[in-house]
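K.L.:
Based on these hints, arrange chain W on the given structure of chain D.
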Amino acid sequence: MSTILMYLKVNCPVGCEYCFELPSNIKDYDIQKMIKTLRQIYTPNDSICLHGGEICTVPIIDLENILIKVREIINNEKITIAAQTSLYGYTEEHKKLFQKYNVSLGISVDGPPELNILRGPRNQNKNEIYQKELQKNILDMVGERGHFGGISILSKVNGTGENLESLIKWALDNKFQGRFNPMFIPSWNNQAKNLVLTPNELKIAWLRLAKETITNPFLQWNPIREFINNLLGTSNPSPCVVNRCDYITTTCKTIMGDGTLARCDRCFQDGYFSRGINKNFVRSEMLKITECKGCRYFEICGGGCPGEGIDGDYRHKSYFCEAYYGLYEYLEKHLRGLFPNIILAVDIPDYYNVCETTGNRLNPFAKMMSIGQQNFNKDLSKINKRPLECKDEHGDHYDNNHYNINNETNQIEPLRTQNRPHGDHYDENFNDYNINNETNQIEPLRTQNRPHGDHYDENFNDYNN
Amino acid sequence: MTIKNLESPKPYTEVLVKYGKAFNHKIGEFYFDVEYEMVKKGYRDADVFHLSPQNYDNEIDKIMEDGLVFKPIFRSEVYNGFSHTHFPTKSLGQNTMVYGVVAKNLKTAQLFKQYHLGNYTEHKEIGKLLGYPDCCCESFTKYFNKSFDPVYEPAENTKGIKKVNNKITLPKKSFNEQLRVDLRYIGIRIIPFFPCSYDCVNAGKVAKTWLKVMYSLDEKITDEIIEYLEKPSVWSNLNGQVLVKHPDFLIMAGGYHDKEYKEVKFE
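Listed in order, the protein sequences are those of chains D and W.
Numbering-wise, the first sequence is residues 1 to 465 according to our numbering.
Numbering-wise, the second sequence is residues 1 to 267 according to our numbering.
So that you can see chain D by itself, here it is in the shape it has in the complex:
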């Protein structure tokens, strides 16, 4: 399960201040070669995202050509193709095309025009026109769908004090659903480094966003929701940056314009794009006994994004460690405050190996459910059957259930493992399970890889009841 980024065009005319691509290293695109590579690597659980530079500046004919071929490969019209865009160059033609091929857009926008100033053309007049059009397009989307999905990059411009409040107000007013990522600056871009929030500033920003999120069920703001899920252990740690992303292979796969298969675009900063063959866990294993030794949240963090390593070195833990820790700590306190008997991933020794690498899932409510099980009515207990019946695995810790036992085969079953991607795009399908009306069983939905970074998939509902 991977996120596959199609790097259509990187020689981008937009000119955002903190762009981390290195266009001089990247050749123009060859659709046939890109599709050939996609055909070789695609599996049904992968998610595909058109990415790289600004896709709306790719000629419509090429864009349609690639969408036709991607659709052929996916061979399932219900599955969306994601595309990450700043909407620069977006026209009615694009709108029709994206509707025709079931493309869900993730909008890269950092707030209202006055906070989105790092994005778009550097020329002031052009930038003003761009901001105006962008906000209009966003309003149109909200008008049509009731929300819009995207990625907002937190920086010195929008991530502190009153500006953060303005960002939040804008996000609420515009029904923004998506991701608030810390700004990533490649090692070669010294000019933009002063725009990056300090770890403490990011922590404060994330906690403020978390405060908003946990009191508003409508908000699917990440990484807050993802971090709650990580604590609950209901899916693989997400986004990819906390799921032991390996700098050699990376969770995310990038298909370059010439068809070369590369690593996550956050690794491009050093100019070595190619990827290794075998995933290894060396970085996280080493961090576990060195820089992250004894960290309460290591099992659901793994040291964070290798691309964010301190001093630009992937072997270090993330520069934003304080923010990761702070957000987990805040959310853990709230979860335990609401549910004193809850079992969280941090309660399971060696959680990642025990649950994540085996595909077994934690049932965070098992203890509460076993206490109150006798009060359940018949139907409800049936619905909850799978997560309730688990193996007592961890002796002196919590004698709770991390596995499923299939009643027919008496076998321990791994629960659904879902790979949530990271970074710069966003998939907002926020329901991972389905209750089958006929069997009344909880069923995993299609395993869709949740990507990272700079794109956003705005399918709001992934249900099929």
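The reader is advised that the hints may include incorrect statements.
DMTMM-like mimics (lysine to aspartate or glutamate), calculated; alpha carbons at most 20 Å apart, straight line [claimed, not checked]:
id, chain 1, residue 1, chain 2, residue 2
1, W, K18, D, D270
2, W, K10, D, E291
3, W, K18, D, D28
4, W, K259, D, D313
5, W, K71, W, E35
6, W, K10, D, E285
7, W, K104, W, E59
8, W, K10, D, D350
9, W, K21, D, D350
10, W, K21, D, D313
Simulated from the structure, these hints should not be mistaken for laboratory data.
P.N.:
Below, chain W without anything else, positioned relative to chain D:
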């Protein structure tokens, strides 16, 4: 637990080639042949040899045809990538190999084994049997106490270096490129040992002999190796992982635990 006692990472080596460049993976295999050839041609007394149970008949046959002897030392698990240690095992199966020595005669092979299996490994004596200069055998014994992968220590011992904290820069003409060991994780090397310094005269003489044998085996690959060694690179070790940034590729390999970041820059 001290940093020295921390478990080293499992062996691994990855080479990520720069966009648009290619890397000849035959280089890695080539150097094994060179090491063997140096014994066969009488330039040194012995060489370590990994005998594969799946191919032992052919390998033994070749060793005997070449008028050499093989002496097993221990059985080890097979590993992928670069490793600073072996993984002794009792079994002998698909995932094992026999670590041993090939030598020009049985007496030398026995001596080698004895130095290996004594109360402590006699690095200095083993080094001599492998044809390494005395000064380098001497220094290795000291360096190895500090690091399983002493790339940094010879740099410290080289004249004309610039050192800031634990970052050493070797200006272009301060070192002999043929003595570089920072790219050996993927087989790029002329000498098979750690020199006492990167300007060691004795090691330089040994390097010339090795180079001669390398050219006799494969001129093209040898030229490729030299070309890589002539380019600048930055080697570093951090949190048990080695990273080498070279203009043509990135090498990532298992390293060793150290309290501090260490870096060597070959200009």
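K.L.:
Take the hints in turn and mark each one as holding or not.
P.N.:
Do the hints match the structure? See the list:
1. K18(W) with D270(D): Given that 20 Å is the threshold and the Cα spacing comes to 9 Å, the pair holds.
2. K10(W) with E291(D): holds, 18 Å
3. K18(W) with D28(D): Measuring from Cα to Cα gives roughly 17 Å; hence the hint holds.
4. K259(W) with D313(D): holds, 16 Å
5. K71(W) with E35(W): Holds, at about 16 Å.
6. K10(W) with E285(D): The hint holds at about 10 Å.
7. K104(W) with E59(W): holds, 16 Å
8. K10(W) with D350(D): holds, 19 Å
9. K21(W) with D350(D): Roughly 41 Å between the alpha carbons, so the hint for K21(W) and D350(D) is violated.
10. K21(W) with D313(D): This hinted pair is violated, its Cα atoms lying about 23 Å apart.
Consistency note: the structure conflicts with the earlier hints numbered 9, 10.
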